[in-house]
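Q: One letter stands for each residue in the lines below.
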Amino acid sequence: MTGPTDAAGEQVTIPAKGIKEPVFGHSPKGGFRKHVLPGNKEFVVGDTIPRPKGGAGEGGKKASEDGEGEDGFSFTLTQDEYLEILFEGLELPDLVKKASVETETIGTRRAGLTTAGTPNNLNLVRTMRNSLGRRIALQRPSKATYDAVLSELLELEEITSPDEEEQARIVELRDKMAILDRRRKLVGYIDPIDLRFDTHVPEKIRNSKAVVFCLMDVSGSMQEREKDLAKRFFMLLHLFLERAYEHTEVVFVRHTHHAEEVDEETFFYARETGGTIVSTALTKMKEIIEERYPADEWNIYGAQASDGENFGNDSEKCRNILIDDIIPQCQYYAYVEIVGEEDEKLLSDSTAGADLWQNFLQVKEAHRQFEMRRVAEPGHIYPIFRELFAANKSEGAA
Amino acid sequence: MSDLLFDGPEWTFELLGKAHDAIEDIALNDLGLDVYPNQIEIISSEQMLDAYSCVGLPLMYQHWSYGKRFARDEALYRTGRQGLAYEIVINSNPCISYNMEENTMAMQTLVMAHAAFGHNHFFKNNYLFQQWTDAAGIHDYLAFAKNFISNCEEKYGIDAVEQVLDAAHTLQTQGVFRYGRPPRPTAEEMQAMQRQRDGFVSQKSVLDLWTENTLGREEDPSADDEVKRRGDMHLPQENILYFLEKHSPVLQSWEREILRIVRYLAQYLYPQKQTKVMNEGCATFTHYYIINQLLEKGLITQGAYLEMMQSHTNVVLQPEYDDPRYSGMNPYALGFAMMQDIQRICENPTDEDREWFPDIAGDPDWKSVMKTAWADYRDESFILQFLSPHLIRKFKFFMLADEAKHPHLVVSNIHNRQGYRDIRSALAQSYDLAYLEPDLQVQDADLKGDRELKLVHTVRNGIVLDPKNRDEVLKHVRRLWGYEVSLTARDQKSGARVSHTSTAA
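In the order they appear, the protein sequences are chains A and B.
Quick note on numbering: this note's numbering labels position 232 of the first sequence as 232, and the sequence is numbered without any gaps.
Quick note on numbering: this note's numbering labels position 424 of the second sequence as 822, and the sequence is numbered without any gaps.
No lab work stands behind these hints, which were simulated from the structure alone.
Backbone N, C-alpha and C define an ideal beta-carbon position, used for all residues, glycine too.
Certain hints may be false.
[Unchecked claim] Lysine-lysine pairs mimicking DSBU-like chemistry, simulated, CA-CA at most 35 Å apart:
(1) A:41 / B:674
(2) B:765 / B:695
(3) B:553 / B:466
(4) A:34 / B:769
(5) B:866 / B:674
(6) A:29 / B:674
(7) B:852 / B:873
(8) A:34 / B:803
(9) A:34 / B:674
(10) A:41 / B:794
(11) A:284 / A:209
(12) A:20 / B:852
(13) B:466 / B:852
(14) B:674 / B:794
(15) B:671 / A:20
[To be verified] If you want a taste of the chain A side facing chain B, the calculated C-beta under 7 Å gives, among others:
(16) 24
(17) 32
(18) 38
(19) 51
Go ahead and model the full structure; you've got the sequences and the hints to work with.
A: Here's what the structure looks like:
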């Protein structure tokens with residue numbers, strides 16, 4: 001389940017083939033043209049200018065005005081947008097329970113500006129804009145003006161024996177300084193009325209968590225093909241749930257004649273041999289739920305993939321665990337049986353099947369959040385996934 | 399009690415009404431404008447983007463290319479690379495203008511003066527619009543077109559309709575009559591149209607193929623025949639869409655109707671393409687005059703006036719050729735400057751003006767001079783007539799001669815006595831659509847012979863068609879014609895064949 005889930009910035013680019021709108025247009029190159037341009041500065045008749053790169057002056061531009069600059073037009077979908085399309089129209093099953101599982105926490109959201117607040121929330125840009133506007137409006141003398149007067153005054157004062165004119169000027173400048181000083185004190189650089197603070201308001205944030213259990217049979221009968229199909233299904237489920245919940249965890253449980261919780265790598269790639277006892281995985285899942293994922297805090301999803309083989313009468317045990325313990329705690333539980341591509345009978349008839357399938361059919365009758373499907377090739381996965389999560393699914397299955 | 403129309407940035411519908419009445423008073427009684435009744439609608443930025451994608455029309459049939467335009471404009475707008483227009487105005491009766499809701503009251507006032515009176519007057523009075531567009535009927539026609547095309551989609555499938563529209567769109571610029579009215583139908587053709595309405599001759603051309611050729615009414619193809627045939631088909635024909643609509647042997651009647659719709663809308667928009675400078679100039683001149691009058695009458699505050707002027711100066715900014723913002727002539731700037739110049743020539747003519755514009759220099763009634771100019775010219779003729787040496791100097795125009803053979807561009811004229819006339823006519827020509835757009839005509843199509851549609855491109859000044867686009871369009875034309883299509887490029891002066899392309903190859 002690496003790949004798209006990890007690479008959040010990954011983009012899906014669909015090439016822009018077939019959206020060109022060709023029209024008859026002049027070629028931007030060749031021939032004789034005249035251009036009239038504004039803003040002559042130094043040219044006189046007869047001056048020559050090297051031809052600008054990319055063709056003949058304006059010609060290149062005209063071509064794009066006609067809409068041909070769009071040759072490279074392509075839609076770039078972010079992963080989110082892609083998933084939006086992929087999962088369009090799909091809904092989480094059993095939303096009633098989901099709502100009750102949601103917990104709410106309080107976060108904050110920006111909510112404009114106020115005139116009062118703490119210094120750490122001071123909005124400098126707005127404050128300085130107000131200050132500048134006020135200073136201009138009230139004609140506060142700028143530092144430059146002040147400095148100019150001051151330096152002239154100092155210069156004059158340094159003259160040891162100023163003549164009459166200079167003395168008059170000194171007096172004049174001193175008066176001016178006094179006025180400037182008073183104005184600068186009167187009109188502050190920053191005034192309390194300039195201050196603007198960012199405000200935040202508390203907001204309730206819906207917080208929901210989900211855990212997906214991926215259960216897979218890894219006994220000898222599950223070959224690369226079967227595992228690949230199972231992986232595709234799990235991946236889709238994970239992507240879909242990740243969109244619906246803020247926090248999604250995945251638990252991988254694999255089983256032969258015993259079950260164990262493993263990491264993703266081991267789950268999909270490590271080899272294991274042994275018999276096939278499906279109930280061990282279900283027991284393991286039940287244990288993990290009890291241990292770590294209390295059903296009143298977590299939305300629990302189960303997804304199981306197997307080739308449909310099971311040991312002896314273990315299938316009945318599976319049925320009982322599912323009906324009594326697991327399904328009541330789950331939002332949804334999907335069982336996918338991977339069959340050979342040649343098993344047309346199994347694919348077309350949902351009532352036919354081996355022991356495990358028959359028992360699971362009973363589970364399905366008991367619980368409407370349990371669904372089961374058969375797949376034989378990669379092309380089946382997506383349609384079946386859509387079927388499982390189709391919006392407004394008929395309630396007949398209940 | 400102050401006379402102010404408004405004081406403050408927020409607009410309300412009452413204030414808009416008040417401002418509208420004040421503007422109308424100046425526009426009608428002072429400037430003497432003649433306008434369609436106004437219908438002003440306030441729209442959001444989303445709606446503005448929608449309107450953009452419908453080439454500025456209030457209703458449009460569906461086609462993916464409009465979605466493409468919408469996606470582009472929306473992305474540009476959302477990423478802040480392109481602002482939206484303050485208004486869009488439609489040449490219709492009543493004249494509809496869409497104003498953005500986020501405009502301030504001052505901007506709404508400016509925009510009303512600009513669009514609801516400036517553009518409106520131009521639409522109603524300019525000869526191109528009067529002769530070529532039907533302002534009262536456009537809404538009904540658009541509604542008809544939209545319904546017709548969506549019905550076709552239901553009946554014949556979205557893909558089939560899209561194929562015809564794709565092909566028709568490629569010929570939009572070849573779907574207008576540039577000089578003359580469409581050939582009037584003869585009595586014979588009127589009868590044929592009648593039968594077509596009865597559902598009989600939608601395939602008349604095909605019928606010709608069968609009866610004349612297959613059933614063996616053999617006739618020697620003589621020279622007379624060719625003359626008659628070409629006469630019947632109104633050849634040569636510059637309006638390729640019109641020709642295909644009338645004479646293509648393979649199109650169904652609904653496909654012909656779609657070609658007619660595309661052609662009709664191209665023709666409706668053609669006057670706007672020819673009058674960008676004048677239309678914007680007229681609207682800008684009008685709003686400038688009106689807001690100054692409003693200020694003079696004490697109806698707006700100086701603050702509001704400054705806000706309007708700030709926007710006005712942005713709009714009429716003409717960057718010089720070496721400015722990074724330069725992207726060709728700004729039609730607002732040129733149009734507005736020329737119209738102000740006309741007013742100046744009337745009111746304060748110089749000796750030079752008297753020499754260049756003897757009939758308007760010193761005319762006491764500049765308003766009627768202006769209205770005549772607005773009514774009787776298009777961009778090309780307007781510039782050729784009214785661009786004064788004064789303005790050429792003001793814009794510091796210079797002219798570059800660009801001969802592909804030479805490695806350098808040559809400055810051939812500058813803004814001096816020797817250059818005025820050449821610069822003026824060259825600038826005028828750069829607004830002549832018949833010159834800017836390639837000259838293509840249907841030369842011949844012999845339905846009894848090889849049925850090849852023969853197009854001719856007249857090459858002016860050695861400027862040929864862009865080959866990639868040309869070949870793509872020819873494929874579309876072939877689809878509409880049903881048989882092979884060839885395009886011969888001939889030099890305008892020598893008549894020598896420059897190139898020959900055919901879909902058959």
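Q: Does each hint hold? Answer for all of them.
A: Going through the hints against the structure:
In summary, the hint linking residue 41 (chain A) to residue 674 (chain B) is supported, as the alpha carbons are separated by about 28 Å, within the 35 Å threshold. Under the criterion of a C-alpha separation no larger than 35 Å, the hint pairing residue 765 (chain B) with residue 695 (chain B) is consistent with the structure, at around 20 Å. A distance of roughly 25 Å separates the Cα atoms of residue 553 (chain B) and residue 466 (chain B); the hinted pair therefore holds under the 35 Å criterion. With a C-alpha separation of about 31 Å, the suggested pairing of residue 34 (chain A) with residue 769 (chain B) holds against the 35 Å cut-off.
Proximity of residue 866 (chain B) to residue 674 (chain B) is assessed by CA-CA distance (about 29 Å); at most 35 Å being required, the pair is judged to hold. Restraint check: the Cα-Cα separation between residue 29 (chain A) and residue 674 (chain B) comes to about 26 Å, which is no more than 35 Å; the hinted pair holds. Of the supplied pair hints, the one linking residue 852 (chain B) and residue 873 (chain B) holds, its CA atoms being roughly 14 Å apart against a limit of 35 Å. About 14 Å separates the Cα atoms of residue 34 (chain A) and residue 803 (chain B), which keeps this hinted pair within 35 Å; it holds.
The straight-line distance between the Cα atoms of residue 34 (chain A) and residue 674 (chain B) is roughly 20 Å, inside the 35 Å bound, and the hint therefore holds. Only pairs whose Cα atoms come within 35 Å are accepted, and residue 41 (chain A) paired with residue 794 (chain B) is accepted, the gap being roughly 8 Å. Note on residue 284 (chain A) and residue 209 (chain A): the hinted pairing holds, with a Cα-Cα distance of about 21 Å set against a maximum of 35 Å. This hinted pair checks out: residue 20 (chain A) and residue 852 (chain B) have alpha carbons roughly 25 Å apart, not beyond 35 Å.
Note on residue 466 (chain B) and residue 852 (chain B): the hinted pairing holds, with a Cα-Cα distance of about 33 Å set against a maximum of 35 Å. Note on residue 674 (chain B) and residue 794 (chain B): the hinted pairing holds, with a Cα-Cα distance of about 22 Å set against a maximum of 35 Å. Using a Cα cut-off of 35 Å, the hinted pair residue 671 (chain B) and residue 20 (chain A) holds, with the two alpha carbons roughly 22 Å apart. Using the Cβ-Cβ criterion of 7 Å, the hint placing residue 24 (chain A) at the interface with chain B is satisfied: the shortest such distance is roughly 5 Å.
Restraint check, residue 32 (chain A) versus chain B: the minimum CB separation of about 4 Å is within 7 Å; hint holds. The interface hint given for residue 38 (chain A) holds, since its Cβ lies 4 Å from the closest Cβ of chain B, which is under the 7 Å cut-off. Using the Cβ-Cβ criterion of 7 Å, the hint placing residue 51 (chain A) at the interface with chain B is satisfied: the shortest such distance is roughly 6 Å.
Going through the hint list in order, the structure satisfies each hint without exception.
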